[in-house]
Amino acid sequence: MRQEYIKEWILVLLCSTFFFSVSGQFQPINLEEAIQLASKNYPQLKRDNLSIERYKQLAAVGLPTQAMQIYISSEEYNPSLQTGVHSLNVQQNFYLPKASKIQQRYYKQGAEVAEQQANLTLQDLSFQVGQIHYKLLYLKALKTLQSENIELYTDFLKASKTRFEVGEIGISAQLAAETRLSQALLKQQQNEDAYTINRSIFNQWILSDTLYEPAQELSISKKSASDSTLNDNVHLQLLKAKRDLAITAVDVQEAKLLPQINSGVKLQNSFGVFPLFAFQAGVNVPLFKKSYKGRIDAANIQVKVQEANIAGEQQNLERRKMDLHYRMEQEIKTMDRLQENLIPLIDKQSTLNQQAYREGIIGYLEYLDSLEQVIKVKRLYIDALYSYNITSLELSYWMSKSSY
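Just so we're aligned: the sequence shown equals residues 109 to 512 in the working numbering.
Warning: the hint list may mix true and false statements.
To be verified - Simulated crosslink set (DSSO-like; lysine-lysine; CA at most 30 angstroms straight-line): (1) Lys-398 - Lys-209; (2) Lys-154 - Lys-295; (3) Lys-429 - Lys-412; (4) Lys-164 - Lys-412; (5) Lys-266 - Lys-248; (6) Lys-456 - Lys-251; (7) Lys-209 - Lys-456; (8) Lys-269 - Lys-243; (9) Lys-412 - Lys-216; (10) Lys-348 - Lys-248; (11) Lys-164 - Lys-216; (12) Lys-429 - Lys-401; (13) Lys-154 - Lys-206; (14) Lys-251 - Lys-295; (15) Lys-374 - Lys-364; (16) Lys-456 - Lys-154; (17) Lys-364 - Lys-397; (18) Lys-348 - Lys-164; (19) Lys-398 - Lys-412; (20) Lys-243 - Lys-429; (21) Lys-412 - Lys-209; (22) Lys-209 - Lys-484; (23) Lys-374 - Lys-398; (24) Lys-206 - Lys-374; (25) Lys-456 - Lys-266; (26) Lys-397 - Lys-412.
Hints listed in this document are in silico derivations from the structure and should not be mistaken for laboratory results.
Please read these numbers as outputs of a predicted model, since none were measured by experiment.
When you get a sec, could you build the whole thing from the sequences and use the hints?
Next up, the structure:
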């Protein structure tokens, strides 16, 4: 019964492998290419680009011209005699050029904030695509390890059958081998399912008519943002742009205290005499400035808020940088120890134990324990390598300069 069960699992795996190979037709792609494709169709980037365009349009026009007033009026009007002074009036107020330039500067700074937000959105997208990319590489590495495990347990089962048939051991060793092989086959199928699901998510990020999967194997990433300076990274650049926008907002509030030019012309009929002309010129000035000054003070407080945000983010980035560097160093040390000492040692021990088990020098429990140690140590290396790449990706997210 167990043998039939194992055969069924092997058949399922073969069918699954054949199905995905003929139906998927996935094209290999590296991480940089995947991010580039994903950025072309990412809705949030389109949103940010529209926001940039909006502020640029506003900056091009500056302050809108105030509405022109056109009206008729009468003075010294006697209804019975239908006499008096009748006027057609055109009146227009104008902002001073300084006020218009300040408003244009405000809109230009708004466009800068939108551009920095687009930088951060692209950084977020790169991080999300990078995470699923390395998850797929991790699952591919596990797939290779699980294939190796199946080979080891298959050899264990063959050796146990041979020794059982000649009466060297009881049925317990064969049953243990069948159980471990069944578990290994189950894990391989689960890993295959996980890879298929995550590959679908990966392609959902890319949003292309072509299906892709990572071309690389899981290895130590050479790209790192460890040497990047904090002042240039996209998170601080966005906060600095918001601070500069707040500073410009102070100027906008102060510009409201500037006078406006008041002008007008009149076309008149005065007691039957037509045409007569009149004009007026003056300034509009705010007499009660308390509310204006309150808005200016509030705008200055917002500048201080943005300065505090920058200082706080700088401290957070320094802490994150130290923590991520420490974690990467620990993963490097773990991988070095495993590669230099443990993995060669357990491979050698596994080969010796395999021969010893076939010759009846050691029992199946001892051999089974050695097999599990091989699997455990190699899994530790894959986990450390995956953790290192994810940590490196996170470091790049927090420290990299904007590249939009």
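Hint by hint, here is what the structure shows:
1. Lys-398 - Lys-209: Holds, at roughly 24 angstroms.
2. Lys-154 - Lys-295: This hinted pair is violated, its Cα atoms lying about 41 angstroms apart.
3. Lys-429 - Lys-412: 26 angstroms, holds
4. Lys-164 - Lys-412: Holds, at roughly 26 angstroms.
5. Lys-266 - Lys-248: With a Cα-Cα distance of about 27 angstroms, the restraint between Lys-266 and Lys-248 holds, given a limit of 30 angstroms.
6. Lys-456 - Lys-251: Given that 30 angstroms is the threshold and the Cα spacing comes to 22 angstroms, the pair holds.
7. Lys-209 - Lys-456: Not satisfied, since the Cα-Cα distance of roughly 77 angstroms exceeds 30 angstroms.
8. Lys-269 - Lys-243: Roughly 38 angstroms between the alpha carbons, so the hint for Lys-269 and Lys-243 is violated.
9. Lys-412 - Lys-216: 21 angstroms, holds
10. Lys-348 - Lys-248: 42 angstroms, violated
11. Lys-164 - Lys-216: 6 angstroms, holds
12. Lys-429 - Lys-401: 42 angstroms, violated
13. Lys-154 - Lys-206: 34 angstroms, violated
14. Lys-251 - Lys-295: At roughly 9 angstroms apart (the allowed maximum being 30 angstroms), Lys-295 and Lys-251 satisfy the hint.
15. Lys-374 - Lys-364: 28 angstroms, holds
16. Lys-456 - Lys-154: 56 angstroms, violated
17. Lys-364 - Lys-397: Cα-Cα ~10 angstroms, so holds.
18. Lys-348 - Lys-164: 19 angstroms, holds
19. Lys-398 - Lys-412: 21 angstroms, holds
20. Lys-243 - Lys-429: 23 angstroms, holds
21. Lys-412 - Lys-209: Holds. Lys-412 to Lys-209 sits at ~24 angstroms (cutoff 30 angstroms).
22. Lys-209 - Lys-484: 68 angstroms, violated
23. Lys-374 - Lys-398: Given pair Lys-374, Lys-398 is violated - Cα atoms ~35 angstroms apart, limit 30 angstroms.
24. Lys-206 - Lys-374: Cα-Cα ~29 angstroms, so holds.
25. Lys-456 - Lys-266: Status holds; Cα separation ~21 angstroms.
26. Lys-397 - Lys-412: 23 angstroms, holds
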